[in-house]
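Whenever a hint applies, use it, and build me the whole structure from the sequences.
Take 1 as the starting number for the sequence shown in the working numbering and just add one per residue.
No lab work stands behind these hints: they were computed from the structure. Since the structure is predicted, the reported quantities are computational estimates derived from the model, not experimental observations. Each hint should be verified, as a subset may be incorrect.
As the list claims (entries may be wrong) - No farther apart than 25 Å at their CA atoms in a straight line, the calculated lysine-lysine pairs in the DSS-like style are these:
| no. | residue 1 | residue 2 |
| --- | --- | --- |
| 1 | Lys548 | Lys508 |
| 2 | Lys24 | Lys35 |
| 3 | Lys579 | Lys508 |
| 4 | Lys579 | Lys431 |
| 5 | Lys493 | Lys548 |
| 6 | Lys56 | Lys67 |
| 7 | Lys370 | Lys431 |
| 8 | Lys370 | Lys331 |
| 9 | Lys53 | Lys67 |
| 10 | Lys35 | Lys50 |
| 11 | Lys508 | Lys497 |
| 12 | Lys579 | Lys548 |
| 13 | Lys493 | Lys431 |
| 14 | Lys124 | Lys154 |
| 15 | Lys548 | Lys431 |
| 16 | Lys508 | Lys493 |
| 17 | Lys508 | Lys431 |
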Amino acid sequence: MDSPFSSFLDSNYVPSDDEAATIKEMVASRDAALKDLDERIRALTDERMKHAKFIKDHNALVSPMRKLPTDILSSIFRSYLEQCHWRSSYRSRQHPSVLLTHICRRWREIALGTPLLWTTIRVKCPSSPYHFYKSCPESLRNRLAQVWDTLTQKEEHMFAMCAERSANCPLRLTVVASDVFPITSQGTGSTPYYLKIDEEGRRRLLDAICDTSPRWERITLDIRIENLASPILNLLRVTAERAPQLQSIQFAGAVSPLEQDVASACQGFTLFAAQGLHTLRWGQLMSMAMASSIPVRWENVTEIYFGDSAGGQIGHRQQMSFADAIEMLEKCPHLARCTMSLRNSAEDGDNAWFAAAPPAFTQPFTFERKIVLPQLHTLGIRAPAIPTGFASALVLPSLHTLSLHSKRYRRGLLNDRGTVEFARVFGSQLKNAAFNFASLTQFGLFECLRSLPVVTRLRLTEGYDYLDAGIQSPPGGTKAMLNASILAQLRPKYNEKGYLVGQCYCPKLERLFCNLAGQDTVEGSLVEFVRSRREIPVESQHEIARIKEVAMNLDLSETVDIGRELRETGIDMVDCILKIRYRGLDEDTERQIGYKTYSPRDLYEDVCRDEFEGDLLGIL
Numbered sequence: 001m002d003s004p005f006s007s008f009l010d011s012n013y014v015p016s017d018d019e020a021a022t023i024k025e026m027v028a029s030r031d032a033a034l035k036d037l038d039e040r041i042r043a044l045t046d047e048r049m050k051h052a053k054f055i056k057d058h059n060a061l062v063s064p065m066r067k068l069p070t071d072i073l074s075s076i077f078r079s080y081l082e083q084c085h086w087r088s089s090y091r092s093r094q095h096p097s098v099l100l101t102h103i104c105r106r107w108r109e110i111a112l113g114t115p116l117l118w119t120t121i122r123v124k125c126p127s128s129p130y131h132f133y134k135s136c137p138e139s140l141r142n143r144l145a146q147v148w149d150t151l152t153q154k155e156e157h158m159f160a161m162c163a164e165r166s167a168n169c170p171l172r173l174t175v176v177a178s179d180v181f182p183i184t185s186q187g188t189g190s191t192p193y194y195l196k197i198d199e200e201g202r203r204r205l206l207d208a209i210c211d212t213s214p215r216w217e218r219i220t221l222d223i224r225i226e227n228l229a230s231p232i233l234n235l236l237r238v239t240a241e242r243a244p245q246l247q248s249i250q251f252a253g254a255v256s257p258l259e260q261d262v263a264s265a266c267q268g269f270t271l272f273a274a275q276g277l278h279t280l281r282w283g284q285l286m287s288m289a290m291a292s293s294i295p296v297r298w299e300n301v302t303e304i305y306f307g308d309s310a311g312g313q314i315g316h317r318q319q320m321s322f323a324d325a326i327e328m329l330e331k332c333p334h335l336a337r338c339t340m341s342l343r344n345s346a347e348d349g350d351n352a353w354f355a356a357a358p359p360a361f362t363q364p365f366t367f368e369r370k371i372v373l374p375q376l377h378t379l380g381i382r383a384p385a386i387p388t389g390f391a392s393a394l395v396l397p398s399l400h401t402l403s404l405h406s407k408r409y410r411r412g413l414l415n416d417r418g419t420v421e422f423a424r425v426f427g428s429q430l431k432n433a434a435f436n437f438a439s440l441t442q443f444g445l446f447e448c449l450r451s452l453p454v455v456t457r458l459r460l461t462e463g464y465d466y467l468d469a470g471i472q473s474p475p476g477g478t479k480a481m482l483n484a485s486i487l488a489q490l491r492p493k494y495n496e497k498g499y500l501v502g503q504c505y506c507p508k509l510e511r512l513f514c515n516l517a518g519q520d521t522v523e524g525s526l527v528e529f530v531r532s533r534r535e536i537p538v539e540s541q542h543e544i545a546r547i548k549e550v551a552m553n554l555d556l557s558e559t560v561d562i563g564r565e566l567r568e569t570g571i572d573m574v575d576c577i578l579k580i581r582y583r584g585l586d587e588d589t590e591r592q593i594g595y596k597t598y599s600p601r602d603l604y605e606d607v608c609r610d611e612f613e614g615d616l617l618g619i620l
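Dropping the structure here:
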């Protein structure tokens, strides 16, 4: 804008008194003009917001979502809940169905009028406050007791609300509860003081849960019991007649008194005798004494999972052996899925799982008769080592998914003959397979891969969580290496006419998952493997399957950008998922480049679960 002082701007010129007065008058007029513009802008902004609100409100009237019939929208809500199954706590305001009621009046009416949206209930009884010594201020003790009571009341209210809104629909229930852990004064000079809390509140909540037992369809119990008089045990003592719809029990936690009297305590768990129970998942180590005492109708069971978390409940000496497993499998003629953690023999003690050298099998596993399980299609075994002869004891015509995880040892020869036997006996029918290759010799790994002509999904891991905790790979040891020579056997070779020549391991492989912790870099070999499995001549497409997904976890920093290398050489990767993670990267770098953080395996899940559907990369 023109000004008589333009030539003096950005200079050291000092105006006279008359010029200063003139400048102030000019600034005042411009300031008034600026305020006028601000008012006009505010008025225009308000007018714009009114127009925008008008557009938004009227567009909502013609939104396709409004045209959806109530039954379709209700189905969408139910599908949404299935997606929230593992991502939501299902508690308080975070319950996904509660969130739906906060969107609009119509959605609230539909959500409240759809009982199936409220059938998944998760109750977490607040843990009894930690003990204090009497020197602790009384005000703090009272405050903690009040907080505990308030939390209990909230859980009671949330459960009652979901139970009412779910009408008479079958319930999927999760209960987390624990007793006060007994504390003794260990020379502290002061006696522990337990807070005075409203135990009646927790008892009312547990009684309310038990009252809904006729509607239980699936129940998960994550409980810790310190005495057999605990009200929490009432959940396990619900009679079979009061749970007519119960199909699945998932049990985690620990019942400490079982260490003293397993048989009598387990016989009182009448909930397991439910007529319709077909799925039993026991997150702790399972002994044969416990399995024999729990009143399960084994002839009705189609799925069992016995975990490997000790939890202070039983020692490994009491854990189920391979001979016990045969006895257990014989009780379940209709079994379809099975995952078990086993010890090798009755002589194995608690230290067998942490031994430096593998057990020496002087005799193969013996059996009186073969166990025929015509419906078993998914089998998972975790053990220090798998004995030879065990696979031969099983007749499994429907088996298509196998997961074998043996322990890797710090020293000594690896005993992989039992694993290799499984691959030889059942490999020709396996579509999904998982092995801990670090427990194999190089020859054993070659034999396992060679025995999988129809496998479509293969998972090769370096270790297995609990089995290999704290174990480091021996330098120069005998364990197998997933190296270039192995990948070369997975790479098909073609002649000039495009026909397959020689033997290619796993010719039908479509998805490969590997954890290469402690391995040498195989990026170059991996590029060649993917290229050979993506560029398949027409003449060999009936023999070799096209790879669809490769996921690997590598220790070292990236030396070759595998994805870029494949794209630059013209390999079609449009429908191929390539996930490479380098554990040498720090967490900030991983977040910046978008690496996905994979959760550890779930307590009840295994590579055998859901036929490898969903995310199988818990190892990465």
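Original post:
Okay, which hints does this one fail, numbers in order?
Top reply: Violated hints: none; all satisfied.
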